[in-house]
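Chains as they are written, first to last, in the numbering used here: chain A, 665 to 1207; chain B, 1190 to 1327.
No wet-lab data here; the hints were simulated from the structure. Glycine residues also receive a C-beta, built at the ideal position from the N, C-alpha and C atoms. Keep in mind that a hint or two might mislead.
[What the hints assert, rightly or not] Okay, the calculated beta carbon distance ranges per label pair:
#, chain 1, residue 1, chain 2, residue 2, range
1, B, 1300, A, 1073, 17 to 27 Å
2, A, 1148, B, 1232, 46 to 56 Å
3, B, 1300, A, 1149, 45 to 55 Å
[As the list claims (entries may be wrong)] Examples of chain A residues lying across from chain B (beta carbon under 7 Å, computed):
#, residue
4, 997
5, 1000
6, 1001
7, 1005
8, 1008
9, 1010
Given next are the chains, with one letter for each unit.
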Amino acid sequence: MSASFGWRTSLRSPGPTDPVGSWWALGVGFLVLAWVSILLSRQPGSVASLWLANAWAIAWLSTRVQGSQGRGVQLAFALAAVALANLLANLAAGDALPETLVFLPANVLEVAVGAWLLSGGRAWRMLQQGPRAFMSGLWRGALMPAVVGTVLGALAFSSTSALPWQDVAQTWFEGDLIGNVVTLPLAICVLTIPRAELLRVWVRPGTLALLLLCTAATLVAGAWLPMPFAYMAVPLLAAASLSPFPVLALATFVTALTVGLATALGWFVPPPISASWESLFINLPLVLTLLPVLMLGISIEDQRRQRAELQSSLQQLSRAHEGLQAFARMASHDLREPVNTIASFSQLLQQDEAGRLAPRSAQFLTHVQEAAMRMRRLLDSLLDHARLDRDATEPVTLVPLDDVLNQALDSLAARVRETGLQVQRQALPQVLGRRSLLVLLFQNLLSRAMKAGLAGEPPRVAVQVLLTPGRLIISVRDHGLALPPDVLAEGELDASMALCRHAVEVHGGSMWLDADVAEGSRVCIALPQNHEFAAEATMESHP
Amino acid sequence: MSLPMPWPRVMVIDDSETDLLLAEIWLQRSGVAAEVVTCQRADLALTALCQCAESGGALPTLLLLDINMPGMGGFAFLDAKAALPDAALRTLPVVMLSSSPDEEEHQRALSHPAVLDFVVKPASPAVFQALAQRLSQA
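Bound-form chain A, shown alone (with noise of 0.2 Å):
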């Protein structure tokens, strides 16, 4: 169903040349409705009405005229076109002049408010946000114009004749409430969805099968079946389910059409075991009935929404990691070589005019060469944070420390030739982790003991590894100049710091400094470990 969503991207704007949003739809449309209503309300079965034409006139108005300019203007044209559409409509069905116009200003009226309380958006809101602004949407443009048609409509037909109010009113409010919650919001999709889009979804073999099972089971219930409302929801049900909202909202206008119209036609005689078809509260269960169903509607569609929504940040998010991944590579590469170049010719000037320089001069190149290096390092690990985001995807496998350790010290074997570092090792275990980001977490804590290393003496690290079930705990102990107790607080950390504390997260460990320790320092990391591997993996490192 993720084809559907091609509507909403051009839902905002309806061209002006459409022409369902012209004053002739509005005119035009009202005066259908209204008859095809009023027809329905005549046929010798009928008590219970459904007047169909105010919710179209109120999604017009609240879609339609917007913005601040001749606004006042266009609300009286549209509301007198309204008017003369309810008059021509009543005609046309043979009603005397005076009756009609008792009705008038209770329906123009009606049609004001709930257009009044849908603007500013609201109208377009109820099928783009949500289940809460459907609703609310439903409770202004649909409970409240009825409300207040239904007490204007009943003051006024109580007035000029002998009919108790109480009967005009409850007739009144249920069909006006039916045909609002109903015609609303098809009307609003018919408003804001361009025509292609609709047809698209309404002109398919799903779709009239779904119109013809609603119609088959809502006769079908309402002539046979005791709590008929029960079975006509469900083809609803389904098409909440399965259908874009535009399907639905046609379906439920569909199905309480076919409601007034058996009801009018007499079709629904032979009493329901329930109550008589004759008997008042008939619109009003069928509401209840049909209002989960749009609720539910709504519900899917925003998920369908959002989950296509989230689909496409994530896309978006992950391509933007890769050029930021792509870019930190790139530059800590072609930085390099400048500073590179920066680093040697300094030497080499250090080294040509050893004897010529001043000693403050000869200090100033010292500087040059220092800072250069320094930027190196700091290169180096953009390179290997850049490469850390990439290696935290790699599966956890049982990987023997051992090789790691291996590995990260040939590939400090430079460093560790010029510093004589001394290692102090145990036959290390295997251990479930990322092979590269343990590898990457060993060269950055032999480098940084490298660094601390005293003068006129080889640096010496001693690396111990104790794995309890489910944990496995590393600590690297060395002599030299002690860390600060608060480096690996949030932004104390240097970078390689920041590399290994970003490792051992990507494995759900922590790290923390030992604070026991008398000369140097002593960095534990724990590992959480699976503890059926950490037991297997016991046994294979101590055979």
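Got chain A sorted already, so can you dock chain B onto it with the hints?
Showing chain B alone in chain A's frame:
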């Protein structure tokens, strides 16, 4: 493969002029190379090597080859060299130079039969001495 020390003749192929200059200076100062020839383009280096082999001139004992170069890069050079008819040129030993420590590049370079070692720039006398030591032990 063990090379006589100091290496009689080293050819350095790198597009960067400063890197070539530095390599020349460091190779000579560290005493690992007696003679250094430089070339700024891989394709020209290949032509020069072929001409040298044809005319019976003295071939370099070792090539130092940069990986990232515009036009013909280091790996393309290796492939072209491996396809040469002259066996002496095909087996001419190579040490790859890279400007960043990229593990994948490293492995790819070492998988090539003619490549003996891999050096991350910047080179320095210490780096070349260590390289010479590794190659003489190999």
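Hints, one by one, checked against the model:
1. B/1300 with A/1073: 17 to 27 Å: holds (22 Å)
2. A/1148 with B/1232: 46 to 56 Å: 54 Å Cβ-Cβ, so the 46 to 56 Å window holds.
3. B/1300 with A/1149: 45 to 55 Å: Distance hint for residue 1300 of chain B, residue 1149 of chain A holds at roughly 46 Å.
4. 997: holds (4 Å)
5. 1000: holds (5 Å)
6. 1001: holds (5 Å)
7. 1005: Holds, about 5 Å.
8. 1008: holds (5 Å)
9. 1010: This hint is violated: residue 1010 of chain A lies away from chain B, its Cβ roughly 11 Å from the closest one there, beyond 7 Å.
This entry does not satisfy hint 9, going by the numbered hints stated previously; all others are met.
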